[in-house]
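S.K.: Here is what each chain is made of, one letter per residue.
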Amino acid sequence: DAGVIQSPRHEVTEMGQEVTLRCKPISGHDYLFWYRQTMMRGLELLIYFNNNVPIDDSGMPEDRFSAKMPNASFSTLKIQPSEPRDSAVYFCASSPTGGSFYGYTFGSGTRLTVV
Amino acid sequence: AQSVAQPEDQVNVAEGNPLTVKCTYSVSGNPYLFWYVQYPNRGLQFLLKYITGDNLVKGSYGFEAEFNKSQTSFHLKKPSALVSDSALYFCAVRDSVSSGSARQLTFGSGTQLTVLP
Chain A
1 DAGVIQSPRH EVTEMGQEVT LRCKPISGHD YLFWYRQTMM RGLELLIYFN NNVPIDDSGM
61 PEDRFSAKMP NASFSTLKIQ PSEPRDSAVY FCASSPTGGS FYGYTFGSGT RLTVV
Chain B
1 AQSVAQPEDQ VNVAEGNPLT VKCTYSVSGN PYLFWYVQYP NRGLQFLLKY ITGDNLVKGS
61 YGFEAEFNKS QTSFHLKKPS ALVSDSALYF CAVRDSVSSG SARQLTFGSG TQLTVLP
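Line order of the protein sequences matches chains A and B.
FYI, our numbering numbers position 64 of the first sequence as 64, with every residue one higher than the one before it.
FYI, our numbering numbers position 80 of the second sequence as 80, with every residue one higher than the one before it.
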C-alpha cells in the first residue's frame with residue numbers, strides 16, 4: 001500500500017485565492033482526519049470523517065474552510081478566500097475502524113504558503 | 001475529557017547517552033497511549049503504543065516507553081541516542097471509556113529532540 005497520499009506537497013498562493021488540498025486515504029480505512037500544524041499552535045484537528053460522513057468539524061477555524069469526502073478514496077480541504085494566517089502544513093491521516101486502538105497513518109503533508 | 005501534556009518543548013542529549021521524552025496524560029478510564037515521531041518535512045510516523053499488559057512497551061528504532069499508572073505518565077526512552085533520532089516527538093492518548101468524538105486521539109504539543117554529535 002502506498003500509504004496516505006496528499007497533493008500537492010507545496011502550494012504557494014496569493015491572498016484571496018481559493019486553495020484545494022487533496023487526500024487519498026489507505027484503502028479500507030473508515031476514518032479520515034485533517035490536521036493543521038503551525039509553530040504557534042502545534043497540531044490541530046480540523047475535521048474528521050467516518051465512512052465519508054463528517055463527524056466533528058469543531059476544529060475548522062471559520063467558514064472559509066470546508067472539507068468534503070465524496071467517496072471512500074478521496075477527500076478535499078478547501079480554503080476560500082485564503083489569508084496569510086492560513087499558512088501552515090496540512091496533514092491528512094486515516095485509520096481503520098477502532099483506529100484509536102491501532103493508531104493513525106499520516107500523509108506527508110501539504111505546505112501551504114499564502115502571500 | 002482526555003488530555004495529554006508534554007512538559008518540555010526541547011530536549012537536548014549527547015549522542016550515545018540515554019534519552020527521555022516526557023508525557024503525562026489525563027483520562028477518565030484506562031488510557032490507550034501512543035508515541036509518534038515527525039522528521040523534517042515528513043508526516044507523523046507511529047513509534048509504539050500501550051493498550052494493556054506489560055508496562056514497558058518496545059517500539060521502532062530501539063525506542064521504548066514505560067506506562068506508569070500511578071504517575072499517569074508514558075515517557076519515551078532510548079538507552080543510547082543517535083544523531084538520526086533528532087526529530088519532533090508527539091505523545092497521544094485516548095480514553096478507553098469515551099464515546100463519540102472523544103474516542104479519537106488527543107495529541108500533545110510535541111517535543112523537539114536534538115541529539116548532539
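No lab work stands behind these hints, which were simulated from the structure alone.
Predicted model only: the values in this text are computed from it and were never measured.
The beta carbon of each residue, even a glycine, is placed where N, CA and C say it ideally should be.
Keep in mind that the hints are not guaranteed to be accurate.
To give an idea of the chain A side of the interface with chain B (calculated C-beta under 10 Å), a few residues [stated by the list, open to error]: (1) Glu11; (2) Thr13; (3) Gly16; (4) Gln17; (5) Leu43; (6) Leu45; (7) Phe74; (8) Lys78; (9) Ser95; (10) Tyr104.
Residues of chain B clear of chain A, computed beta-carbon distances all greater than 10 Å [as the list claims (entries may be wrong)]: (11) Ser3; (12) Val11; (13) Ala14; (14) Thr20; (15) Gly43; (16) Gln104; (17) Gly110.
S.K.: Give a verdict on every hint.
M.R.: Evaluated hints:
1. Glu11: 14 Å, violated
2. Thr13: Hint on threonine 13 (chain A): violated, closest Cβ of chain B at ~19 Å, above 10 Å.
3. Gly16: 27 Å, violated
4. Gln17: 24 Å, violated
5. Leu43: 5 Å, holds
6. Leu45: 7 Å, holds
7. Phe74: At about 18 Å, which exceeds the 10 Å cut-off, the nearest Cβ of chain B leaves the hint on phenylalanine 74 (chain A) violated.
8. Lys78: This hint is violated: lysine 78 (chain A) lies away from chain B, its Cβ roughly 21 Å from the closest one there, beyond 10 Å.
9. Ser95: Result: holds, 9 Å to nearest chain B Cβ.
10. Tyr104: With Cβ-Cβ at 7 Å, under 10 Å, it holds.
11. Ser3: Check passes; 13 Å lies beyond 10 Å.
12. Val11: 16 Å, holds
13. Ala14: 26 Å, holds
14. Thr20: Threonine 20 (chain B) is indeed farther than 10 Å from all Cβ atoms of chain A, at 21 Å.
15. Gly43: 3 Å, violated
16. Gln104: 6 Å, violated
17. Gly110: 6 Å, violated
Of the numbered hints stated above, those contradicted by the structure are hints 1, 2, 3, 4, 7, 8, 15, 16, 17, listed in ascending order.
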